[in-house]
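Novice: Let chain A serve as the given structure and place chains B and C on it in line with the hints.
Protein chains in written order, with the numbering used here: chain A, 5 to 337; chain B, 70 to 316; chain C, 5 to 552.
These aren't lab readings, by the way, just hints derived from the structure by calculation. Quick reminder that beta carbons are idealized off the backbone N, C-alpha and C, glycines included. Check the hints yourself; a few may be wrong.
Stated by the list, open to error - To be clear about the criterion: a stretch of chain A counts as covered by chain C if any three or more of its residues have a C-beta under 8 Å from a C-beta of chain C, and this derived list gives those stretches:
{"#": "1", "region": "41–49"}
{"#": "2", "region": "64–74"}
{"#": "3", "region": "103–110"}
{"#": "4", "region": "193–201"}
{"#": "5", "region": "226–235"}
{"#": "6", "region": "291–301"}
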Amino acid sequence: MHRQTLFALSAIALAGFSHVAQAQDKLTVYTYESFTAEWGPGPKVKEAFEATCECEVDFVSVADGVALLNRLRLEGGRTDADIVLGLDTNLTAEAKASGFFAPHGLSTDAIDIPGGWSDDTFIPFDYGYFAVIYDTEAIENPPTSMHDFLKGREGMIAIQDPRTSTPGLGLMLWIRKIYGDLAPEAYEELQKRVLTVTPGWSESYALFTSGEVPMVLSYTTSPAYHMIADDTDRYQAAAFSEGHYMQVEVAGMTTKGADNPLAAKFLDFMMSPAFQDIIPETNWMLPAAATSEPLDPVFGKMVQPEKSLLFTPEEVAENREAWVKEWLGVMSR
Amino acid sequence: MTEETPALVCEDLRFRYARNSAEMRFDCAFAEGEITALVGPSGSGKSTLINLIAGFEIAASGMIRFGESDITGAPVSERPVSMVFQENNLFSHMRVFDNVALGVAPTLRLTGEERDQVETALASVGLAGYGARLPGELSGGERQRVALARVIVRRRPILLLDEAFASLGPALRHEMLDLLSSIHDERRMTTVMVTHFPEDARRIAARTVFLADGAVVAEGPTATLLDHDMAPEAVRSYLGEKAGTAG
Amino acid sequence: MASMMRKRAGPDIAASLAALFLLLLAAGAFLPLLFTALPGAGGRLTDALGDPVIWRSLRFTLVQAALSTGISLVLAVPVAAALHEFRGFPGRDLILRLFALPLALPQIVAVLAIVGLYGERGVWSRLSDSIGLDFPSIYGLTGILIAHVFFNMPLAVRIALGGMASMPSEYDRLAHQLGMGFAARFRHVLWPFMRPALMSSASLIFMLCVTSFAVVLILGGGPRATTLEVAIYQALTFDFDVVRAILLALIQVVVTAFAYSLLTRAGGSVSSGFTVGVLRPFAVRHTATGYLAAALVVSFGVLFVLTPFVVIVWRGLSADLAGLVLQASVRRAVTTSLLLGTLSAVLAVVIGLAFAAGVTRRAAARRFSGPQSGAERLFGQMSSLILVVPPVVIAAGWFMVIRRFADVYAAAPVMVVTINAAMAVPFAIRLLQPAALSAAERYDRLCRQLGLTGVARLRLVTWPLLRRAIFLAFAFSLALSLGDLGVITIFGSQDVQTLPYLIMQRMGSYRTQDAAGLALILCVMTMVLMMIADRGSEPNRVERTSRS
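Isolated chain A, as found in the complex (with noise of 0.2 Å):
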């Protein structure tokens, strides 16, 4: 029991320790794990940010969006962040009916993403599209079009459980936009491809990866990673006729966030250049505004989507409760 006493007063005492030693400029942004991991955006963000400020930028980071959103329900309102970074708009809407977020008030004519951008209070930093990547190793002829892919019989996929995973949801999200009330059905054929669904994105692309399942669902700029840090050509992102589904990436500023000036500069900043160079090859999205220089050529061989499908948050809030019980039912049988 002694020991119990000793950590709880020395965490006491830190916290009072650090509250004492706040720096006077400070930016807390919120943010999912592989932002801040070394090789991913954050140090570079927080170097190319703190030159233009006298300023510390924390990165404070959990699991991922969806554990974003729950830090901060958890917290209670009351939370350290200025800026909260990660989050994607199958969640903009619940976290603006939370009442956590104050609008940006800034313009954003800089972000240039298909479909257009116009929300008061989140502003997107990169985008992706969900696709279908295969192993071209050991598929031959890659489906060109969802109906080929849920009609054809050429390997199996590994996908991701829409209840504890956004792409899950991402590629329920999908089906759902292109079948609309057909769904169901689409769903049976899906089924029959399946070989697994993973919790997470992490276990079905490491499965892929391990040779044991040919394709996976991930994102259009999978393969660029593939390219650029392995120098292989080996797994390809299949180009879906009736488009694929978007995931568009946002931050926003919390309520506390708004009395600190530097939250606005830093949301303009990320609409920058300076900002997006480094998301494209840390990241592995597409940047949502203009970079000062094109983008690795690599990234030009990625899929192109002729048309990106998109709900809107309203609509994904309305809804997903009941469109996972959908999809859950056919997918249990």
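Specialist: Relative to chain A, chains B and C alone:
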């Protein structure tokens, strides 16, 4: 010196419990069909010696001979030995009858004749009719009797006892010793009895072997070896003052 | 008189405090969550109970856990018997150390290794393809069972061996002297000591399988194989439906507690541990079939447990290990893991000893004979129930509590340590309690007579006797903490990164090779720990089972 042929011989038996413990060295002979007591201070190696004979410990070198055959490397089940421990001689979840029956057939499948043998053995230790009871229902002395009954049905030529009666009260111990003696009279097993009561040796053992510090120090007829006046020096310090002479 | 009463109540107080600590840890998780959303909970409960998905999840949870437990035990029996019979089995010590490793692996690492062996394109599958056979798909209940058996069968073997090692050496010796064959020995000598050990491990294994997450989700093949844990995770993280999460967690606790009580009634109690025995070997006649059977059984067991590790090593070696070790984040993660793990282990051992003291005190009161008292059983059960409360729930609840008083990030290490310690307590107890009981049985009266109590007793009597068990409990708890991923996901930040956290991080950024290398590092660390523990727990003087 008696004329009995040594039946059980330990020749230069060497043993160590672990790499850094002292080496024990046993050189002794046990006369055939006699009861020999094994006495000595604690730590002298009494139990170790009989465990070596029984095969529960493996000697580093040396030989154990029984009659003509070399049993040094023989597996436990093939040694002509029965052993009675101080406790846990009976499997507590098996009835008394079955515990004894194990001495006849380890598979517990007995012919009618074998069943009679078991009953007779039980009767001869004074436990007729106890067959259906569980060991937990018996007293310590009764449990040791059952162990003796099993010894009877096993008919092995060597009997080893590891302080078998040490936890019984004096009267009961004497009773058990007498029972042992009577069984011995009938069967004439070569018996080696470890005890830390010299009077046990005096009571039923014709010969005694005295151990100290992991080696045989003295051996001979019990009457002389354990007599306060005639015993060798080492034994005398073990025996201490004779009762009634302490100043 | 009063002071003597107080002294005797010492162990009781310690045990009760330990129990209270665990209860508080679990309850503290529920309460704040409950208060945030209590109104309407009643209606939500009926909603949740009426949801067919919930019932399906519950049923599947229990079925896969029961099957996993059953199969693990059934397979453990022959392996344990073989290892017991053949005490000079080559590499026996190594085998037993190997058997302590699976539980220390993060689930995801083990699952990917198992997939590498038994999966569609796994080693066995490719082998059978080359000889023209069809290897069955493991995605589904089969895969789940394979993974669970991999984690739990080795544990069951060690526990069963420990149970058998606790038999009086006279039984061991007589059985051979009487010429009992294997069948008779098994029936009359081995099984009576294996059985309580197995039943005690059954409850532990059952609960581990109930809360299994990664295994079920990845190897289950789809939502058909869904457990309550998934629903809880989803409710709390994706939906932030706090009420639903608590309700489901409560349902899980209640149902598992019920199943646990049934199991313990069937003859299991926390009375047998998994120390590796010291029955001395002697010359035994084995039949040729005996040798063959034992060799086959042990070989299969060892291969089954070893092969996933081979995969992990193989994949790990293809990573840039030197580069990884040089990375500051990796070195920091290793240090953090070791530090937090050590603290958890110490805490777990302390709590375990407290529980053991309480149980021992009760057992002494009934003179170590007769059936266990209610309090004893309660102490035993309480320690294990913590396994069933999802760490995610505990972490979320405490996050909200701590938030009010202190900086959450500073508290992260504390929470990681305490929750990991709580998870390790059931294991620690199974190691400590039998040793404590036997030590007390031997020396309790003597200590009381000599007036040896408190610290003196601890130093002079308890420590030397329990030293071995304490070492092993510490090592096991440390190994478990090293591989744990639960709490850190909620309390995580750049400052508190453990090795499993790092593994997940790499996997989430395309860096699967890094992850493989880190997994190898983790395995090696755990293996080394186990070796140290086994060495350190060797008694200075060989335990003699015969008096001289």
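Novice: Provide an ascending list of the numbers of those earlier hints which the structure does not satisfy.
Specialist: Violated: hints 3, 6.
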